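> Next come the chains, spelled out residue by residue.
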Amino acid sequence: MSERTGRSRVTRWGVPIAAVAVVAAAVGAGPVIAAVQGEPTLPTRTAQQLLADAARAGQSGGVKPMSGTVIQTASLGLPGLPDISGAGGSSPAALLAGSHELKVWYGGADRLRLALPGRMSETDLIVNGDQVWLWQSETNEATRIKGVDRGTESKHASALPSATTPQQAAQEVLSRAATDTVVSVSNTERVADRPAYQLVLAPKDSASLVKEVRLALDGETFVPLRVQVYAKSAAEPAFEVGFTSITFTPPAAENFTFTPPAGAKVTERNADEPGEQDQARQERQRKLEGDLKVVGQGWTSVAVLPFSVKDLGANAAQKADGEGEDATAVATALLGSAKQVSGPWGSGRVIQTKLLSALLTDDGRLLVGAVTPEKLQEAAARG
Amino acid sequence: MSPAEKISPNHTITATRPSVTDQVDAVENDTSSLDTSTTEVRSSGSGAVNAVGFTKRHNFLFSEVSLTFRRPRNLAMLGVLVLVPVLLGVALRTFGGPEASDGAPGIFTQITGNGLFLTFAALSILVQLLLPVSVAVVAGDSIAGEAGIGTLRYLLSVPVGRTRLLLVKYANAVVFCLVAVTAVALSSLLTGLLLFPAGPITLLSGGTIPMAEGLLRIGLVVLYVTAGMAALAAISLALSTLTEVAIGAIATTVVLVIVAQVLGAVPQLAGLRPYLLSSWWNDFDGVLRDPVATEVMGQGLLVFAAYTVIFGSIAWARFNGKDISG
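Heads up: the sequence lines are chains A and B, in that order. Okay, so the first sequence: first residue is 1 according to this note's numbering, each after it adds one. Okay, so the second sequence: first residue is 1001 according to this note's numbering, each after it adds one.
Hints may be right or wrong, so weigh each one.
[Claimed, not checked] Only part of the chain B face toward chain A is listed, based on derived beta-carbon distances under 10 Å:
1. Arg1073
2. Asn1074
3. Ile1107
4. Thr1182
5. Gly1206
6. Ala1270
7. Asp1285
8. Leu1288
9. Ala1306
10. Gly1321
What the hints contain is simulated information worked out from the structure, not anything from laboratory work. Predicted, not measured: the structure shown is a model, and the values here were computed from it. All residues carry an ideal CB built from backbone N, CA and C; glycine is no exception.
Bound-form chain B, shown alone (with noise of 0.2 Å):
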């Protein structure tokens, strides 16, 4: 790692070039008046003058997760998301809940039952293929889109270190992973709350539990989907260095979960199971367990961390060396 590249605490660059940063910052100083159109032009697809708008000091990342968040694309996605859990909430009020000998898993019946659990349902339906695909979508794009239409260069031409981009890029894409998890949350209880009774949680254990400690437990699944989704972000990203072409790393991303979760199903390798990321995506239903099923959570909670350090790594080693043409 080169000096260039290191980050010191407060997560300014460090001043390598002491002489380049600072004229950078009173450049921006001056004109920070410009700092939003110039986002917007990069967000457009042009990206010549953005270099120096986002070298202001912490506003890389607020940057860049505005971009994403401005991005017509991914905000059609997370409104697909809101959508799924209002739909379905719908559904159930509308045409009853199933009957528990039409053979559906247990928890759609409990929903109409108790709102709450149609956060629960809601993610178990989601996290399977919808919530992959759009956080493949930010991750796979964001070092591959960047590259294909030519900003990378640009991006790269002031003075700030692969690693601090692609840290960036990481952390923007954890940023979306967080809001569409809490976003699907979120309108899965207004829609829970508004359509159906809501009380004390009745857990899979046959316990109960009061609807404060409720709210608590699905602000714990959202963490742990969130980790889960973020270490699917960290394999997007490594996908998106080797590439120019966006949809490349997206679409194998997708293929990736897809193909693992074939594999999850398939008993004979029932053995690889602990070993596929998808296959611990599902268990956030621990903390509806009486004691919480912290050891399996746990695990889980290893997996992810384990598949975000070596995809990261390899995004790393493959970004720095990467030879950016535009």
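So that you can see chain A by itself, here it is in the shape it has in the complex (with noise of 0.2 Å):
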């Protein structure tokens, strides 16, 4: 080959290697703005100012009106999960692994909608004072809920499977800041492009698997932002659910309106009473409830249940329907993947999960808890 062929060739293919460094600096821009940036600084807060200011916002006028994307993500480290993460993306089970998204859109204390979109198919959870629908594109439902209070978040939300808004996830982590907490701030955060405060909260028991959970809150609003969970055994965060663009303008007013679409099943349904399912459903919690005992208290404590193998079998003979299938298909991977163990107390199988251990004793105890196993053993002995 002479020099100028070979020169030749050289521009050429600098073309598409020029075209691949276009299309990664691209992708990559998003960072390398944010590091150009540099970090945000806001100004230093404690812990506690940043509670007490969180608190102030909140109690004052409210979350300001927004819209924006929230992301969840679950890496638990489930072994070997069968196909659930299928295509559809609102089933509770397929929440379990993967990242979903939702849309929330914000208008007010009793103006709320929050969507999951699906492939070819969407939930969505409207809420217009004292209108509340729950949609399902999937199955094509309305449901009218009503008898919902005003302000009660957190019941809406429960009505969609994956609803965690990160001011749910942030109460229910705030709620959990004890004294076996080591709790830190930072003032440079970036999320959703917003500077932002990030709350750490580290457990101070080795035996607990959550290395820290960290809660961001935005700088200006205080509205939280981001929630994570990390577990010991991993850099990435074991769960995460944050918002991943936010835009404090009030959303559209066609966002609250709903009419069921003609053709639609449309029932209704009281929050107060609830259909025979979620009655079924209830008595089961409060079986569970009444049979529950928790042993330690704070990071470490190891909630202990009445269970068995055939249980699980039986109830899933009962529900026919998916969702029921979906739980027996994900405890039959689990138990699959159990470790036989044994000691002082008895036997019994115990399954690790990133976040979370249980302990299946042969005489019929269920042992959870986010420790490591040694630590389910030693409650499976005290309990």
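Taking the hints as your guide, dock the two standalone chains into a single complex.
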């Protein structure tokens, strides 16, 4: 090959290389721009000041109207889950793995819309004053929920299988902060392209599987923007829910109006008098609560409840709906990966994921906690 | 890029060798009656004469496209594509829509209520494999097929720059994408309107839009899916410049599509999903949301553009340095 053709070949292949470089630059532009902008610096605040400010912001006039996109990512390290992360994406079990998107429109205390897009499907929860609608395109069903108190956001959201807004998750985390936690605050975070404070809660007890819980609050409005749960075994968060984009402008009014489309199955449901299915579910829950015992406290508390594999099978047979199937599939997959253990307390099988351990004893107890399996065995001996 | 490969704004060949071009043009004008017969000769495999035929101004792309749509193989693929919505519609009409409790995607239950939904259902099925395969056949064949039967040498023996030849080949593939997607949409529309009632469309978000706007949104879907298929055509074209065996380029494209879809289905590799071409094809359902999911679909179009630019430039670099021995 002559020198000339050699050079022209270099120039020629330079074009695709340049194309790749341009695309890579465009993909990586976000982080680079953020790095160039430098870390945002907000006035320093202690954890206490921050929480007080957040509480005050929450009390005075509530959260500002806003809209945005929430992404929930779970990498709990569940062993070999069967095909439940399929395209639908709105099955509760599907939320155990992968990442899921939730659209939020918030127009004030009594106006809220949550949309969970799936492939060729969507689940919507629309709250407009005393009008509360749950729309499921997959089944073409519109459910009007009556008798919902204003402002009980958590109640609304529980109707959507995966609807965990950062607000709810934040409350959950804050209620756990106690004497057994190391709390620190940083003021240089950037979430959803907004400067944010980050509250880091790390458990002191070494038996906990949780390394730390991080809560990001918007620097200006103190709206919780992101919650991350880090496991000790991984550098990436095991669970994360947070805004990827947020704008504090009042969303269009159309978002909060809903008329059931023609041909849809319309049902009415009273929030206080749930349907048959829910009643059965609540009964189970009540029964469960009666049997539930908690050993230990704080981060390393372990829940003990009576349980056997047979029950699980019977339960699944009872409910032939998709949810039951999913639950059974998950349970079977989990049991398949269980390790046999034994100790002075008896013997059983242990399942460990990044954040949770579960011990199923042969004498019919189930112990669950965000702790190491050793701690569970300790609890089994005590309980 | 040598001057001979530059394309002037009105898409004629830059006259670097004016005497030759003029001669060819002159010959053409005299023998324009020969034009059709020569193209047909090439389509049947031996292309010795056609070199003159297509240099006629503006006609290069046209002759390529008409070649593509005259090949029985391509017509058969289009026929299959068109048949799928018809079969789907007839099956739903005969046996009734699935019950919601069957676990069938809700979109199928909606077809029986509104024929327009057949378009979305058919496209969401076909975009998985059948559309990509037919696009791969046309784009993968474009260079390798000509190289394989020896006609590429004749194509290049006239003063048509390689860049222009490649652009025409790609444009031809894109035209095929558009025709294939439009054919599917039209056949679904026709079947849907004939077999099922039609009316205002219920969006996935629960809102309702008038039928005219529904048709407009179907148009948007066609354009979006075409863009997605055009990106695949760029990959296929790049593969086509690497080999002289057309079936190799076609098969590799299909395998890549399947691999991408498998990777996209593995939950542990969820982080990979936004970078895969195939995971964006289905996002045309964004037009059925309220408000329209412009953000997601815009990202999809950017991904398509990125794939097109990268693989288009690879095809260009490879094709310009390719040793064509015939």
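> May I ask which of the numbered hints given earlier this structure violates, with the numbers listed in increasing order?
1, 2 and 4
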